[in-house]
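Q: Spelled out from the first residue to the last, the chains are:
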Amino acid sequence: MSDYISHDHEHDGIDRRGFLQCMAWAGTGLLWTVSGGVLASRTLAEIAKAGGSLPAATDLSFLQISDSHIGFSKEANKDVTETFKIALDRINAMPTPPSFLIHTGDITQLSKPEEFDTFDQVLKSCKTKDVFFVPGEHDVLNDGGKFYRERYLKSVEAKGAGWYSFNKNGVHFIGLVNVLNLQAGGLGQLGDEQLEWLEADVKGLGADTPIVVFAHIPLWAVYPQWGWGTSDSERALGYLKRFGSVTVLNGHIHQVLQKVEGNVTFHTAMSTAFPQPAPGTAPSPGPMKVPAEQLRSLLGLTNVQYKQGKSALAVVDSNLS
Amino acid sequence: MAALLCGIAFLNLSLFALGGEMKNADSSKQNRIEIKDFAFNPKTLTVKSGEKITWINHDDEPHTVVSVEKQFKKSTALDTDQEFTVTAGAPGTYTYFCSVHPKMTGTIVVEK
Chain A
1 MSDYISHDHE HDGIDRRGFL QCMAWAGTGL LWTVSGGVLA SRTLAEIAKA GGSLPAATDL
61 SFLQISDSHI GFSKEANKDV TETFKIALDR INAMPTPPSF LIHTGDITQL SKPEEFDTFD
121 QVLKSCKTKD VFFVPGEHDV LNDGGKFYRE RYLKSVEAKG AGWYSFNKNG VHFIGLVNVL
181 NLQAGGLGQL GDEQLEWLEA DVKGLGADTP IVVFAHIPLW AVYPQWGWGT SDSERALGYL
241 KRFGSVTVLN GHIHQVLQKV EGNVTFHTAM STAFPQPAPG TAPSPGPMKV PAEQLRSLLG
301 LTNVQYKQGK SALAVVDSNL S
Chain B
1 MAALLCGIAF LNLSLFALGG EMKNADSSKQ NRIEIKDFAF NPKTLTVKSG EKITWINHDD
61 EPHTVVSVEK QFKKSTALDT DQEFTVTAGA PGTYTYFCSV HPKMTGTIVV EK
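In the order they appear, the protein sequences are chains A and B. Anchor point for the first sequence: position 126 equals 126 in this note's numbering, and the numbering is continuous, going up by one each time. Anchor point for the second sequence: position 3 equals 3 in this note's numbering, and the numbering is continuous, going up by one each time.
These are computed hints drawn from the structure, not numbers from a lab. There's no promise every hint is true.
[To be verified] Pairs of lysine-lysine residues, derived as BS3-like cross-links and limited to a Cα-Cα distance of at most 30 Å, are as follows:
(1) K159/A - K43/B
(2) K146/A - K73/B
(3) K103/B - K159/A
(4) K159/A - K70/B
(5) K112/A - K48/B
(6) K129/A - K154/A
(7) K146/A - K78/A
(8) K74/A - K103/B
(9) K259/A - K103/B
(10) K146/A - K70/B
(11) K289/A - K36/B
(12) K74/B - K112/A
(13) K146/A - K103/B
(14) K112/A - K103/B
(15) K78/A - K168/A
(16) K289/A - K43/B
(17) K112/A - K112/B
(18) K48/B - K103/B
(19) K129/A - K36/B
(20) K146/A - K48/B
(21) K112/A - K70/B
(22) K43/B - K74/A
(23) K159/A - K127/A
(24) K70/B - K289/A
(25) K74/A - K48/B
Just so you know, these numbers come straight off a predicted model, no measurement behind them.
With the rest of the complex left out, here is chain A (with noise of 0.2 Å):
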């Protein structure tokens, strides 16, 4: 296959030959895997093509989707509620289901009512139902958040700014804060309220248990110079150290990067409304304009999937073209 790129590591991460290489495609828009644990090697396009579902040996199958940014009608991409509805397309056409999505933030452009109404109206064709939700930036413009956590973060008691966590299959997921209160100068931010949550909520956990974090910030430094980074995610990832399997989702960056560190792999899932420059290569990280018939491909969702008994998650981009 020529279309996506598979690596198979069970605990020491990635080399660097195959990160430059998975760049390099990501770089083009195309699509690129690398997998912990098993079942990295099909995309939900292809899963869809075969009509083919997910081998019986998949415990756990969930969705990421992030940065919608409903009200956004720049050059960058001026119907961004199209390629949301393409997105949700995509989730309805897997023959197999996932469990639930998770929304990792700004699903809108400016905060606006009229922005969340049509995310919600468009997120109904979705045939799956559980949705979990962390804010980004764009969603707590004007208020600290208050119309968000109103909305999306009731149902699951979220504490605090909006930090919540939930089990499913045995996985422990944590859903955390780092767009509010942030500090002149300064990067994405957690704050000592929810860290010490945080601390607590692990806690009573063994040290088998899969956990998955996810955030709208990246909770590792991607690039400091444009703010992608969070400024107390090493305390947060302290927290986690002793857990054998950690998965970190993030969004806010619109393009796929993904390192791995010990046991625990940070991962940045692919916008549904434009792409923004890699890191460094452009004057600012502002949306970034592409060929319209390029668009698509650098678009995209991730699925993540759990197998029982596999140290790490299988974490699997397809783009939107």
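Starting from the known structure of chain A, fit chain B onto it as the hints suggest.
A: Below, chain B without anything else, positioned relative to chain A:
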């Protein structure tokens, strides 16, 4: 703390003082700060007390203008081509940033 930079306007539709002093003689002078490529330009602007300062966003990304020490009222999120205006109050140095992209910082120096 008293509002030291005062006055606010959106899209040049209105200007209203939030308190503090306004000097009529200087208030018509416009000092502009362009927001482009995730930066305030000029990064440091020196004005006279009573003069207006207007930020305009040229990016396809919303930005805000927020006083680090909460010394003046913050803007709402400025979409592309939207403006935000304050009137300089008491002399001093005022640092501000974009609360959406906190790497973006700037300084206003208000002279007598």
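Q: Next step is simple, just say for each hint if it's right about the structure.
A: Structure-based check of each hint:
1. At roughly 38 Å between alpha-carbon atoms, K159/A and K43/B are farther apart than 30 Å, so this suggested pair is violated.
2. Between K146/A and K73/B, the direct Cα distance comes to roughly 20 Å. Compliance with the 30 Å bound is thereby established for this hinted pair.
3. Under the criterion of a C-alpha separation no larger than 30 Å, the hint pairing K103/B with K159/A is consistent with the structure, at around 27 Å.
4. Between K159/A and K70/B, the direct Cα distance comes to roughly 27 Å. Compliance with the 30 Å bound is thereby established for this hinted pair.
5. About 36 Å separates the Cα atoms of K112/A and K48/B, which puts this hinted pair outside 30 Å; it is violated.
6. Taking the CA atoms of K129/A and K154/A, the gap is about 16 Å. The hint holds against a cut of 30 Å.
7. Taken as a hint, the K146/A and K78/A pair is honoured in the structure, with Cα atoms around 28 Å apart against an allowance of 30 Å.
8. Between K74/A and K103/B the CA atoms are separated by roughly 23 Å; this keeps the pair inside 30 Å, and the hint holds.
9. Distance hint between K259/A and K103/B is fulfilled; the C-alpha atoms sit about 24 Å from each other, no more than 30 Å.
10. For the given pair, K146/A sits about 21 Å from K70/B by alpha-carbon distance, which is consistent with the 30 Å threshold.
11. Taken as a hint, the K289/A and K36/B pair is honoured in the structure, with Cα atoms around 16 Å apart against an allowance of 30 Å.
12. Our distance criterion of 30 Å between C-alpha atoms is met by K74/B and K112/A, whose separation comes to about 18 Å.
13. Taking the CA atoms of K146/A and K103/B, the gap is about 24 Å. The hint holds against a cut of 30 Å.
14. Of the supplied pair hints, the one linking K112/A and K103/B holds, its CA atoms being roughly 24 Å apart against a limit of 30 Å.
15. Under the criterion of a C-alpha separation no larger than 30 Å, the hint pairing K78/A with K168/A is inconsistent with the structure, at around 37 Å.
16. Taking the CA atoms of K289/A and K43/B, the gap is near 27 Å; set against the 30 Å cutoff, the hint holds.
17. The suggested pairing of K112/A with K112/B is violated, with an alpha-carbon distance near 40 Å, which exceeds 30 Å.
18. Simply put, K48/B and K103/B have alpha-carbon atoms about 27 Å apart, close enough for the 30 Å limit, and the pair holds.
19. Distance check on the hinted pair: K129/A and K36/B sit about 40 Å apart at the alpha-carbon level, beyond 30 Å; violated.
20. Our distance criterion of 30 Å between C-alpha atoms is broken by K146/A and K48/B, whose separation comes to about 38 Å.
21. This hinted pair checks out: K112/A and K70/B have alpha carbons roughly 25 Å apart, not beyond 30 Å.
22. For a cut-off of 30 Å, the pair hint linking K43/B to K74/A stands: about 26 Å separates their Cα positions.
23. A C-alpha spacing of about 28 Å is found between K159/A and K127/A, which places the hinted pair at or below 30 Å, so the restraint holds.
24. With a C-alpha separation of about 36 Å, the suggested pairing of K70/B with K289/A is violated against the 30 Å cut-off.
25. Restraint check for K74/A and K48/B: the C-alpha separation of about 37 Å exceeds 30 Å, so the hint is violated.
In summary, the structure is inconsistent with hints 1, 5, 15, 17, 19, 20, 24 and 25 from the numbered list given earlier, while agreeing with the others.
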